Amino acid sequence: MTRPPHLTACHECDLLLREIDLSAEKGTVACPRCDAELYRVGRNSLERSLALTCAALVLLVIATTFPIVGLNIQGHEIETTVFGAARQLWRDDMPGVAVLLLATTVLIPLIELCALGWLLLPLHLGYRPAGFSRVFRALQLAHPWAMVEVFILGVLVSLVKLSHLADVLPGPAIWCFGALMLVLSVLSSIVDYRELWQTWEATEA
Amino acid sequence: MRAITAAEQGFALCEVCGRLGKMAEHARCPRCNAPLHRRKPHSLERSWALLIAAYVLYLPANLLPIMETRSLFGVQRDTIMSGVAFLWNSGSWMLALIVFVASVAVPLLKLLSLTALLLAVQRRSQGEPLQHARLYRLLELVGRWSMLDVYVVAILVALVQAQSLATMAPGPGVLAFGAVVVLSMLATMAFDPRLLWDIKTNSKSEKERRERERTAPV
Ligand SMILES: [Zn+2]
Ligand SMILES: [Zn+2]
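If you're matching them up, the sequences are chains G and L in order.
Residue numbers for the first sequence, in our numbering: 1 to 205.
Residue numbers for the second sequence, in our numbering: 1 to 218.
The set of hints was computed from the structure by calculation and includes no laboratory data.
Computed from a predicted model, the values in this text were never measured in an experiment.
No residue lacks a Cβ here, since even glycine has one placed at the ideal position from N, Cα and C.
Hints should not be assumed to be uniformly reliable.
To be verified - Output of the computed footprint for chain G on chain L, the stretches with three or more beta carbons under 8 angstroms from beta carbons of chain G: (1) 29 to 36; (2) 41 to 54; (3) 63 to 75; (4) 94 to 108; (5) 119 to 133; (6) 166 to 177; (7) 182 to 191.
Claimed, not checked - Distance ranges between label pairs, derived from CB positions: (8) G/E47 - L/L141: 24 to 30 angstroms; (9) G/P95 - L/Q9: 47 to 53 angstroms; (10) G/S185 - L/H26: 36 to 42 angstroms.
Said to hold, decoys possible - Counterexamples of contact, computed for chain L against chain G with all Cβ distances above 10 angstroms: (11) E8; (12) Y58; (13) L59; (14) P60; (15) L112; (16) L138; (17) K204.
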């Protein structure tokens, strides 16, 4: 084919490198010139990634349907979900901010997890998923815009601010978002894109 | 030892699947068929445009109120800085510090650092590319945390409504602030860190070429 055998390049400094087979070792391989992470070595992460993707999807659904925080003001209880917060922003003539909130906390994490499941499940079962490169591109583009961990910090800050006004009641969704944040961070540390493509190449069309 | 880059050898790394392919006009990746580029196309122009837009919105983001609180005592308008001051004065120093770093320090430092990187590439400054590359990696990592204040406003506005003694509504500043975060993230993504290393590679090959010309018999 058109590729020189066993050559690769660093994505951050374009240094030409010899691809080494590191099937026995574990850890990450860094670029000798710029220190960028080239690839992770932790083979057979497909199955674990798939399990975590399913767990994250369940957590995301629960986190978005249950209230995040509640307020108790003189006996009145007010609580809100992510959707409730977005609806209120929309009503207050801030559709842009409403979309930003929903996209970064619900929509994009959902797209990311669905794309990951779409790629991982068929590969795990031994066949090629449809539209592999397009779905992979979607996953790549979505990744930096999922901001669940920032949202958690935002909830904490608002809890402190509200505690001066009234009794605050942390809702079940905040624990789900917390768990989701942990699962997502583990997931992004074990998903091996290089392995994904190699498995795809090795799988019959 | 002189570092040899893929571009010099006529190869390009696929942005999608990470495979190395032979570079040619309209070349496509042999594995995933994505178009191959030696560097991100129009990286500097796109990065500058997004960065300038972020600078323009940075002022209203910090000067306009991000939240308006209506109560029996009148209307109180909060900017980003007054939100930090409120947390500080109410004794939550740790949170005040976190919000200050995420909402005030990070956005400004991010805009300034990206400007410095863009200028370094354009002026072909012979600095240490490794420092610049590390700075770029840091920018990619911290940019998202500035979204913090947008989330705080969203939650406060949803909870402090009717029934209660006060109502909170989002102010125009929060829209500008969200836009600054998104634009500066896009500007960082448009920037190609390989350009930082190209300065060195190009000036070296330039020197070598001149050296050859000088020593070659006329
Ligand atoms: Zn490198
Ligand atoms: Zn490719």
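The hints, checked one at a time:
1. 29 to 36: Our answer is that it holds, as 5 residues pass the Cβ test (under 8 angstroms) against chain G, meeting three.
2. 41 to 54: violated (count 0)
3. 63 to 75: As far as the stretch 63 to 75 of chain L goes, the hint is violated, because 0 residues have Cβ atoms under 8 angstroms from chain G.
4. 94 to 108: holds (count 4)
5. 119 to 133: This one holds; 3 residues, not fewer than the three required, reach chain G with a Cβ under 8 angstroms.
6. 166 to 177: Holds: 5 residues of the stretch 166 to 177 of chain L have a Cβ under 8 angstroms from chain G.
7. 182 to 191: holds (count 3)
8. G/E47 - L/L141: 24 to 30 angstroms: holds (29 angstroms)
9. G/P95 - L/Q9: 47 to 53 angstroms: Once the Cβ atoms are compared, 50 angstroms apart, the range 47 to 53 angstroms for L/Q9 and G/P95 holds.
10. G/S185 - L/H26: 36 to 42 angstroms: Since the Cβ atoms of G/S185 and L/H26 sit about 39 angstroms apart, the hinted range of 36 to 42 angstroms holds.
11. E8: violated (8 angstroms)
12. Y58: Answer for L/Y58: holds, closest chain G Cβ roughly 17 angstroms.
13. L59: The assertion about L/L59 holds, with a minimum of 18 angstroms to chain G.
14. P60: Its Cβ never comes within 10 angstroms of chain G, the nearest being 14 angstroms, so this holds.
15. L112: holds (21 angstroms)
16. L138: Holds, because the least Cβ-Cβ distance between L/L138 and chain G comes to about 12 angstroms, which exceeds 10 angstroms.
17. K204: holds (13 angstroms)
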